[in-house]
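Enquirer: Those protein sequence lines, which keep their order, are chains A and B. All residue numbers for the first sequence refer to UniProt numbering, where the first residue is 1 and numbers rise by one. All residue numbers for the second sequence refer to UniProt numbering, where the first residue is 1 and numbers rise by one.
Keep in mind the hints are simulated off the structure, nothing from the lab. Every residue, glycine too, gets a C-beta built ideally from N, C-alpha and C. Incorrect hints may appear among the rest.
[As the list claims (entries may be wrong)] Restraint ranges, calculated between C-beta atoms of paired labels, are given here:
id, chain 1, residue 1, chain 2, residue 2, range
1, B, M109, A, K253, 53 to 63 Å
2, B, A87, A, A231, 26 to 36 Å
3, A, A231, B, S193, 50 to 60 Å
4, B, D63, A, N203, 44 to 54 Å
5, A, N203, B, H116, 19 to 29 Å
6, A, P89, B, I105, 35 to 45 Å
7, B, S183, A, K327, 20 to 30 Å
8, A, Q86, B, G192, 35 to 45 Å
There are 2 protein chains.
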Amino acid sequence: RYFHFCKLPGRVKGIRLLRFTSVVIIVLLLVAGALTALLPSIKDDKMPNSRREPKTQSQSALDAFTLIMQTYNRTDLLLKLLNHYQAIPHLHKVIVVWNNIGEKIPEEMWNSLGPHPVPVVFKVQTVNRMRNRLQNFPELETKAVLMMDDDTLVSAHDLTFAFSVWQQFPEQIVGFVPRKHISTPSGVYSYGSFELQSPGFGNGDQYSMVLIGAAFFHSGYLEDFQRQSEAVYALIDETQNCDDIAMNFLVAKHTGKPSGVFVKPVDIRNLEKDTNSGYSGMWHRAEHLLQRSYCVNKLVNIYDGMPLKYSNIMISQFGFPNYANHKNKM
Amino acid sequence: RYFHFCKLPGRVKGIRLLRFTSVVIIVLLLVAGALTALLPSIKDDKMPNSRREPKTQSQSALDAFTLIMQTYNRTDLLLKLLNHYQAIPHLHKVIVVWNNIGEKIPEEMWNSLGPHPVPVVFKVQTVNRMRNRLQNFPELETKAVLMMDDDTLVSAHDLTFAFSVWQQFPEQIVGFVPRKHISTPSGVYSYGSFELQSPGFGNGDQYSMVLIGAAFFHSGYLEDFQRQSEAVYALIDETQNCDDIAMNFLVAKHTGKPSGVFVKPVDIRNLEKDTNSGYSGMWHRAEHLLQRSYCVNKLVNIYDGMPLKYSNIMISQFGFPNYANHKNKM
């Protein structure tokens, strides 16, 4: 008589069964939740902020880019460049950032000379700021942004190729103007171009920035830029300079990689001398380069470290301009 | 009297509790298993088979590569090349695949002229096969393999740079000799080099293969090659050719990307004429190129499709050989 059997009425059995299953279900949910949290972040997470990407993106907008050009005091050059750029393949739209405060935009004349291949939007600014071009413009519908200075002409071939390169490196700045920082024994950084030697770096050279005055980058970085610290904005406004250096810091910090990929241009021109305004770019100011070294050091303080990384990769188009450009001259 | 309470002896309660918990545990294991199977494959999964990677890998082996050179009938050239390659930075070991069947290896002489910077292992083969070099050699301790034909000299600068490029594209073949396939209206493919025009492809050229006779690739691909179909081996043995094309198919299929990344060499030389054996490479055979077109079409049948993808990216070292090599000549 070790065992005492007990017949239970159905309802009690039911209740117990119910409790049993509910416990199992709850445990399942907990486990599922835990494991889901453990999922490795997939590639797209490394993309710059993509929340801003319009849900309803036209097919064309997916394989296209938006040209953002900031202009100040040389409308004649702007119009010349607009005529060049409006015919570039894969161009979706042009956004002109109008820094000529109080001056009328040439929209009427532009329209009177239409039709034009793509829409051109003039964004009238209230203050002449270097960083106006880094706004998260609502008119922007493409993932890819091509940013160009208003005195620089890059050939359609170079742009078409560079865009195809950007599509393979969408989280980096893909452009035509490489620059670098140099560490010095004093711990102070210096900014420069290829003429600045890298002590201790053997054969060849390196770059750690690609300027955004002639480059493709992901539009998500424009939203990320809106969340930069006030100190960064203050630095750019104080110098009216360095917005491109700040973008390289942003991208390098975001990716943990070199911020830029340098594409060697076949045909890039500075048209500054073609303007009648007589105005020449800010980079002619005596203090321009010193300011940029100053900005690098300031940004290192703000970031509490140096996120920029060096690269020595230079990309050219296979078989262009000459069909055997890959043959060595031995 | 709707409720009938029943006191159960502890043992029965125990058994029921036991059954309850065991059920929960089993369910948990099932769920865990299921969810684990759902984990998205992380980047490393895209790496070629990495099971083979030695667990106990010396630090040096992680930032180093192994040179695999297959040799046939030109030992004088081999020794000249061994003297060149043994001094290359990051070289961990040299594996010589000895296809001179029945012929004594020059180990004695090699050792008598030591010491040498890195170990050289002679792998004596029993059959002279093109694909002997694609074995999963147990002496191989590095992730990176540098495979070189026994008549090709590439400068130390080119190799050091290309290795740094491979470290950024470890799942692709990073090398100095690009080739391509061409589709024809008949649906038959043709194999060729840059002199072969790509109909309908506008400016510039494209490549869809990087030959492994002067290239870096992941050692895991040598293990993957061991699992190729018999038809692939038969094709290579029948032609004594095309092992490099087969590797490009393997890598393209594995990655879904272009199989290769082309690095423009500054100094690459064919030393064939320097041999006293008078033996000249198989690629001089009249049928060589026709065979390779034949192989492409055969492999497309075996793969039931064309996995090769085109690329038009050419990588050079920034600032080398001339420190302003990135400046355009405008």
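Enquirer: Compare the structure with each hint and give your call.
Expert: Taking the hints in turn, this is what the structure says about them:
1. Between M109(B) and K253(A), the C-beta spacing of about 56 Å keeps the proposed range 53 to 63 Å intact.
2. Roughly 50 Å separates the CB atoms of A87(B) and A231(A), a value that falls outside the hinted 26 to 36 Å.
3. In this structure, A231(A) and S193(B) meet the distance hint of 50 to 60 Å, their C-beta atoms being roughly 55 Å apart.
4. Between D63(B) and N203(A), the C-beta spacing of about 18 Å breaks the proposed range 44 to 54 Å.
5. For N203(A) paired with H116(B), a C-beta distance near 24 Å keeps the hint of 19 to 29 Å intact.
6. Judged by the Cβ atoms, the range 35 to 45 Å given for P89(A) and I105(B) is violated: they are separated by roughly 57 Å.
7. Range check, S183(B) to K327(A): Cβ separation about 24 Å, and the 20 to 30 Å hint holds.
8. Our hint of 35 to 45 Å for Q86(A) and G192(B) holds, since their Cβ atoms are close to 38 Å apart.
Against the hints set out earlier in the document, violations occur for numbers 2, 4 and 6.
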